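S.K.: Residues per chain are reported as follows:
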Amino acid sequence: MNLNLWITSLVYGLSMSGVLFLVSVGISIGFGLMRIVNMEQMVYYTFGAYMAYTIVTSTGSFLLGIIAAVAVAAALGIIVETQLLRRVYSREMMFTMVVTFSVFLIGIGIIQYIWGLDPKPVASPMETMIRIVRVKVPLYRLLIFAVAILVYIGIQLLLNRTIMGKAIRAGIENPNNVQGLGINIYKIFTIMFVIASGIAGLGGALYAPLIMVGPYMGWDMLLFAFITVILGGLGSIKGTMVSALILGQVMALGGTLWAPLAYIAPFIVMFLVILVKPTGLFGVRGTAFGFES
Amino acid sequence: MNKKVKTVLGPFILVVLLSISRYLFSSKMTFITEIAIYSLFVMGNNILYGYLGMVSFGQPFYLSIGAWTSAIFLAYIGHNPILAMLLGIAGGVITGFVLGPFFIRLRGDYFALINAALCAIGVFVFQKLLIGITRGEDGLWFRTQMSRVRLLDIRLPNNFFFFVMIIFFIVLVLYSHMNNSVLGSSFKALKVNERKMRFLGFDTFRIRWIGFILASALSSLSGSLYALNLGFVNPSLGETHRAAEVLVATLLGGSGTVYGPFFGALGFLGIKDLVSRWVTRWELVVGVITLIVMFRFSKGIWGGIRKVSLKIYDRDERSAGRCGRQRS
Chain D
1 MNLNLWITSL VYGLSMSGVL FLVSVGISIG FGLMRIVNME QMVYYTFGAY
51 MAYTIVTSTG SFLLGIIAAV AVAAALGIIV ETQLLRRVYS REMMFTMVVT
101 FSVFLIGIGI IQYIWGLDPK PVASPMETMI RIVRVKVPLY RLLIFAVAIL
151 VYIGIQLLLN RTIMGKAIRA GIENPNNVQG LGINIYKIFT IMFVIASGIA
201 GLGGALYAPL IMVGPYMGWD MLLFAFITVI LGGLGSIKGT MVSALILGQV
251 MALGGTLWAP LAYIAPFIVM FLVILVKPTG LFGVRGTAFG FES
Chain P
1 MNKKVKTVLG PFILVVLLSI SRYLFSSKMT FITEIAIYSL FVMGNNILYG
51 YLGMVSFGQP FYLSIGAWTS AIFLAYIGHN PILAMLLGIA GGVITGFVLG
101 PFFIRLRGDY FALINAALCA IGVFVFQKLL IGITRGEDGL WFRTQMSRVR
151 LLDIRLPNNF FFFVMIIFFI VLVLYSHMNN SVLGSSFKAL KVNERKMRFL
201 GFDTFRIRWI GFILASALSS LSGSLYALNL GFVNPSLGET HRAAEVLVAT
251 LLGGSGTVYG PFFGALGFLG IKDLVSRWVT RWELVVGVIT LIVMFRFSKG
301 IWGGIRKVSL KIYDRDERSA GRCGRQRS
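Protein sequence lines correspond, in order, to chains D and P. All residue numbers for the first sequence refer to our numbering, where the first residue is 1 and numbers rise by one. All residue numbers for the second sequence refer to our numbering, where the first residue is 1 and numbers rise by one.
Isolated chain D, as found in the complex:
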């Protein structure tokens, strides 16, 4: 293998890491703060991608597409959280899993109803190639990664530097105590949930030009997102970032070596990680998330 191939693979991996991080951060927050397995995050991701498709084909502006995607995803997040998820926070994890999964199915059904079954292409927003050591790589892929980094920094700042972040972190430790201090934890849940779904929509919109947008694009991404979250450790944003970086490179390298490996390599990684260290890379030990591990 020569240098060209390695650098291309590295850039591909970085863009993949960006998308994985954006999509899975919501699941990570859901695990950590609300203690639910929110599988319907992928609905926002798919809706984001479809909004990007609709706006880009009708107006031609990709920036508008991204804004619309984030707005629609966040609006859907508000509806789902306030109407449905609020009723299931106190239930056991299995129950929320099945409920959010059926929301995911309903989302797929609605998407098929609005946009039809056939995959849609999204026009690439920029064709610019930049040179890294004699190798031309698409700038857009690097931009995805840059956006992911910005989002990561933003979330870290929100959690660590603001008074709301303090309340959220306290809520992760013990929601009842926070409630007892007079902070409305449900309001915080809603805010975090909307942020998470908006980020998932952003991920979908950014990823849309690189793939074909189809109603089932959430299925594979669902599994990949869960692999990212589990590899990183439940409820740890830093862990999610690190594991997204690892998994992006694993997928890119696997794809370079043998095409089918790109799809299957993350599953093998997840399989081994769960068997060897079920708490993930940055996971916390103890009964915090209902696990005795």
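Keep in mind that the hints were calculated from the coordinates and are not lab data. As the structure is a prediction and not an experimental result, all values here were calculated from the model. Do not rely on the hints blindly, as some may be mistaken.
As the list claims (entries may be wrong) - Derived pair list, reagent style DSBU-like, types lysine-lysine, alpha-carbon separation capped at 35 Å:
#	chain 1	residue 1	chain 2	residue 2
1	P	Lys-28	P	Lys-191
2	P	Lys-128	P	Lys-311
3	P	Lys-307	D	Lys-187
4	P	Lys-299	D	Lys-187
5	P	Lys-128	D	Lys-136
6	P	Lys-191	D	Lys-277
7	P	Lys-128	D	Lys-120
8	P	Lys-128	D	Lys-277
9	D	Lys-120	P	Lys-272
10	D	Lys-277	P	Lys-6
11	P	Lys-6	P	Lys-191
12	P	Lys-188	D	Lys-277
13	D	Lys-136	D	Lys-120
14	D	Lys-166	D	Lys-238
15	P	Lys-28	P	Lys-6
16	P	Lys-6	P	Lys-311
To be verified - Looking from chain D toward chain P, a few residues come up when the C-beta cut is under 10 Å (computed):
#	residue
17	Val-37
18	Val-99
19	Leu-105
20	Ile-108
21	Glu-127
22	Ile-163
23	Pro-215
24	Asp-220
25	Leu-223
26	Ile-230
27	Ile-264
28	Met-270
Just so you know, even glycine gets a beta-carbon here, dropped at the ideal spot from N, CA and C.
Start from chain D and add chain P according to the hints.
M.R.: Showing chain P alone in chain D's frame:
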């Protein structure tokens, strides 16, 4: 009524009703066969979800293990379909036995997701890695390789129907026996409070392991019957999408009961059949049904039937002055 009689009588009535409906709606025979096969699959998932309280998003993997074992045996090695079916079950038992100790110490969502990963790996293995044996996407055809079995030539759809009915009857009797036995009670107790169970001196690890093996054996039995029914197998049988369907069917019928899986399979396949006649988008319908069932009818179809029948039964009993007797 005597418990032993009840264990056999219920399945017997069900199978007889199915056989009668086969003659009443003779055009629906393959559909009834499919319901019976599918309910075996749902029964496997029901042991995990309903009895042990573990969600698995990877049950299609165990289904495809059974299907592929039978298919590969029939296509390359032997000709006896019964033997192929037994080998399929053995494949499921071995898979459950080997994977069990690694999987069942995981909890909740980890268990669900490692199964989903396993499912994806399974599709990959059968589709890409073993393409020389399994013929990849085209599927493995073996209809012509099946030989005549002495008593019942199950190559004919009509005979296959009765063959499935016999197996369904046997499995239902065993299932209902399990429900009434110590094992079934341990499963249910484990779901409610594992720590207490361990405190009482039960080996919860082993109980869970047995449940896991039973579930994978039932799934693979269903898989090999699917293979024998269709005459070919292709990798789409083990796709992750199907994991959602079987979970929905389990919930719909009523989880943790003996006859729930059958009504779940009947309800789910029936709804899918009806819905796909008008709309192709079954996801929306399945999702809405699951939400309604989860929030309003947590006991499922069979739970509803039993509630109504118990009310009638209770009235009879109260009038006879024998109230307060414990029923299962």
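S.K.: For each hint, tell me whether it holds in the structure or not.
M.R.: To see whether the hints hold, each was checked on the structure:
1. Restraint check for Lys-28(P) and Lys-191(P): not satisfied, since their Cα atoms lie roughly 38 Å apart, outside the 35 Å limit.
2. Proposed proximity of Lys-128(P) and Lys-311(P) is contradicted: the alpha carbons are some 55 Å apart, above 35 Å.
3. The suggested pairing of Lys-307(P) with Lys-187(D) is violated, with an alpha-carbon distance near 40 Å, which exceeds 35 Å.
4. A hinted pair counts as satisfied when its Cα atoms are at most 35 Å apart, and Lys-299(P) with Lys-187(D) qualifies at roughly 33 Å.
5. Between Lys-128(P) and Lys-136(D) the alpha-carbon distance is near 32 Å, which keeps this suggested pair within the 35 Å criterion.
6. For the proposed pair Lys-191(P) and Lys-277(D), the alpha carbon gap of about 25 Å is at most 35 Å, so the pair holds.
7. About 27 Å separates the Cα atoms of Lys-128(P) and Lys-120(D), which keeps this hinted pair within 35 Å; it holds.
8. A hinted pair counts as satisfied when its Cα atoms are at most 35 Å apart, and Lys-128(P) with Lys-277(D) qualifies at roughly 29 Å.
9. This hinted pair checks out: Lys-120(D) and Lys-272(P) have alpha carbons roughly 27 Å apart, not beyond 35 Å.
10. Taking the CA atoms of Lys-277(D) and Lys-6(P), the gap is near 47 Å; set against the 35 Å cutoff, the hint is violated.
11. For the hint pairing Lys-6(P) with Lys-191(P), the CA-to-CA distance comes to about 25 Å; that is within 35 Å, so the pair holds.
12. Restraint check for Lys-188(P) and Lys-277(D): the C-alpha separation of about 29 Å stays at or below 35 Å, so the hint holds.
13. At most 35 Å may separate the alpha-carbon atoms for a hinted pair to count; Lys-136(D) and Lys-120(D) meet this at roughly 27 Å.
14. Only pairs whose Cα atoms come within 35 Å are accepted, and Lys-166(D) paired with Lys-238(D) is accepted, the gap being roughly 17 Å.
15. With a C-alpha separation of about 29 Å, the suggested pair Lys-28(P) and Lys-6(P) falls inside the 35 Å cut-off, and the hint holds.
16. A C-alpha spacing of about 19 Å is found between Lys-6(P) and Lys-311(P), which places the hinted pair at or below 35 Å, so the restraint holds.
17. Taken as an interface hint, Val-37(D) checks out: its beta carbon lies about 5 Å from the nearest beta carbon of chain P, inside 10 Å.
18. Annotation: Val-99(D) was flagged as interfacial toward chain P, and the flag holds, the nearest CB pair being 6 Å apart, inside 10 Å.
19. The restraint placing Leu-105(D) at the interface with chain P holds, with a minimum CB-CB distance near 3 Å, inside the 10 Å limit.
20. Checking Ile-108(D) against chain P by beta carbon gives a least distance of about 5 Å; that is within 10 Å, so the hint holds.
21. Hint on Glu-127(D) is violated. Least Cβ distance to chain P is approximately 33 Å, over the 10 Å limit.
22. A cut of 10 Å between beta carbons decides the hint on Ile-163(D): the least distance to chain P is about 31 Å, and the hint is violated.
23. Given hint, Pro-215(D) at the interface with chain P, holds; its Cβ is 8 Å from that chain's nearest Cβ, closer than 10 Å.
24. A hinted interface residue such as Asp-220(D) counts as satisfied when its beta carbon comes closer than 10 Å to some beta carbon of chain P; here the least separation is about 9 Å, so the hint holds.
25. Given the 10 Å rule on beta carbons, the hint for Leu-223(D) holds: about 6 Å separates it from the nearest Cβ of chain P.
26. Hint status for Ile-230(D) relative to chain P: holds, with the closest Cβ pair at about 6 Å, below 10 Å.
27. A hinted interface residue such as Ile-264(D) counts as satisfied when its beta carbon comes closer than 10 Å to some beta carbon of chain P; here the least separation is about 4 Å, so the hint holds.
28. Interface restraint check for Met-270(D): the shortest CB-CB distance to chain P comes to about 5 Å, inside 10 Å, so the restraint holds.
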